[in-house]
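> Now for the letters of each chain:
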Amino acid sequence: MSNRLAILLIAICSGLATLDVALSDNDTRVTRITHFEDSSSDRIPTVTAVPQYPEKARRDRIEGEATICYLIDSRGRIKRPSVRQSSHKMFAKPSMKAIRQSSYEPLRPGQNLSQVKSCRTYRFLLNPVAIEEVE
Amino acid sequence: MSRPAAFAFVLIATILLVSISSSEESKVVIGPRNPDLTEGAQELLAGNAETGVKLTLRGLVVAQGKREKEAALSNLCAGYIMINDLDSALTYCNMLLAENDQHWRGRNNRALIYVLRAEYDKAEEDLAIGQEVNPNARTLKVVKGMLLDKTHPVESNIIIDDRRSRKADEE
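Protein chains in written order, with the numbering used here: chain A, 1 to 135; chain B, 136 to 306.
It is worth saying that the hints were derived from the structure and are not from the lab.
Be aware that one or more of the hints could be misleading.
For lysine-lysine, the following DSS-like pairs were computed, each having C-alpha atoms within a straight-line distance of at most 30 Å [stated by the list, open to error]:
no. : chain 1 : residue 1 : chain 2 : residue 2
1   : B       : K257      : B       : K276
2   : B       : K285      : A       : K56
3   : A       : K89       : A       : K79
4   : B       : K204      : B       : K257
5   : B       : K204      : A       : K97
6   : B       : K189      : A       : K89
7   : A       : K89       : B       : K285
8   : B       : K201      : A       : K56
9   : B       : K276      : A       : K56
10  : A       : K56       : A       : K79
Negatives, chain B to chain A, calculated, CB over 12 Å [unchecked claim]:
no. : residue
11  : T226
12  : A263
13  : E267
Facing chain B, from chain A, some residues (calculated, C-beta under 8 Å) [said to hold, decoys possible]:
no. : residue
14  : V47
15  : R59
16  : I62
17  : Y70
18  : M96
19  : Q101
20  : Y104
21  : R108
22  : G110
23  : Y122
24  : F124
25  : I131
All values reported here derive from a predicted model rather than from experimental measurement.
Glycine included, every Cβ here is placed at the ideal spot set by N, Cα and C.
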């Protein structure tokens, strides 16, 4: 057993404490990332931040998705992001965080595009792994 | 009045006096009945597992009633897991669950021992019973996740999809 010990939950009643013990799992999680770009858009992503898979969802084997809609200003910055749809609230937060950290190429001088609403969908999936790969 | 009776009277009177005095000052202090058990738990909570186990062992010797005994056994199981003595931890978890097989913390802690020992079927059984007793317990979910990571490992796969959907265009 490694030393990565953590006491996770404590219930105290009338001066007596009862402990539940669990280990914190600091393993680096393997994540596969696929990005489908929109070929019909004139705006080119420069930074595409990847959301973190929510640990609770991963632990409980929950998959889902969240769609965030936003505007892109002339400097390529994301403006007014909002959650358009989320299959589970745990996916909305990391998706919003990722979109806020993302950006697009700024408009070139003379280039004039209206602020078009864009949407990005993050799908959170879990793929089975052969046990030998993990050990 | 015989001497024992007088003694008894004095003792009762003293207790009453203390009680009145306490209520006048609006202070009610309920001392722990089993200080070793309480301090042992505090040491365990502070991460001082060895001291916590020592104190809890002393507390177990003088434990009164089912609740104190179960708390001591449960904390000993947890404490021994913390110091990586899984054999002793299992002994105390087994003692606890022999006293009360519906003790979900005992089930949680024993399941963790079984996960660490790669005895996954036994861990699954304890988790199932623990979750029947307390379906919302977070630690049971954590240990269940650890078990699944051993028996059904997964890797996360995140797809970022910028393609315009008809619904998005309609908005």
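> When you check the alpha-carbon spacing of B:K285 and A:K56, does it fall within 30 Å?
Within the cut-off at roughly 17 Å; holds.
> With 8 Å as the cut and Cβ atoms as the points, is A:Y104 at the interface with chain B?
Result: violated, 10 Å to nearest chain B Cβ.
> Go through the hint on A:R108 and say holds or violated, using the shortest Cβ distance to chain B against 8 Å.
At 21 Å from the nearest chain B Cβ, A:R108 fails the 8 Å test, so the hint is violated.
> Min Cβ distance, A:Y122 to chain B: is it shorter than 8 Å?
Cβ of A:Y122 sits 6 Å from chain B, so the hint holds.
> For the hint on A:I131, just tell me whether its beta-carbon gets within less than 8 Å of chain B.
6 Å, holds
> With a cut-off of 8 Å on the beta carbons, see whether A:M96 makes it to chain B.
It is violated, given that the least Cβ distance between A:M96 and chain B is near 14 Å, above 8 Å.
> Is it the case that B:E267 keeps its Cβ farther than 12 Å from each residue Cβ in chain A?
16 Å, holds
> Could you grab the alpha-carbon distance between B:K276 and A:K56 and see if it respects the 30 Å cut-off?
9 Å, holds
> Is the hint on A:Q101 kept, meaning its closest Cβ partner in chain B is under 8 Å away?
12 Å, violated
> Mind checking the alpha carbons of B:K257 and B:K276 for me, to see if they're no more than 30 Å apart?
With a Cα-Cα distance of about 16 Å, the restraint between B:K257 and B:K276 holds, given a limit of 30 Å.
> Given A:I62 as an interface hint, is its Cβ closer than 8 Å to any Cβ of chain B?
11 Å, violated
> Grab the minimum C-beta distance from A:F124 to chain B and call the hint holds if it beats 8 Å, violated otherwise.
6 Å, holds
Checked against the numbered hints above, the structure violates hints 5, 6, 8, 14, 16, 17, 18, 19, 20, 21 and 22; every other hint is satisfied.
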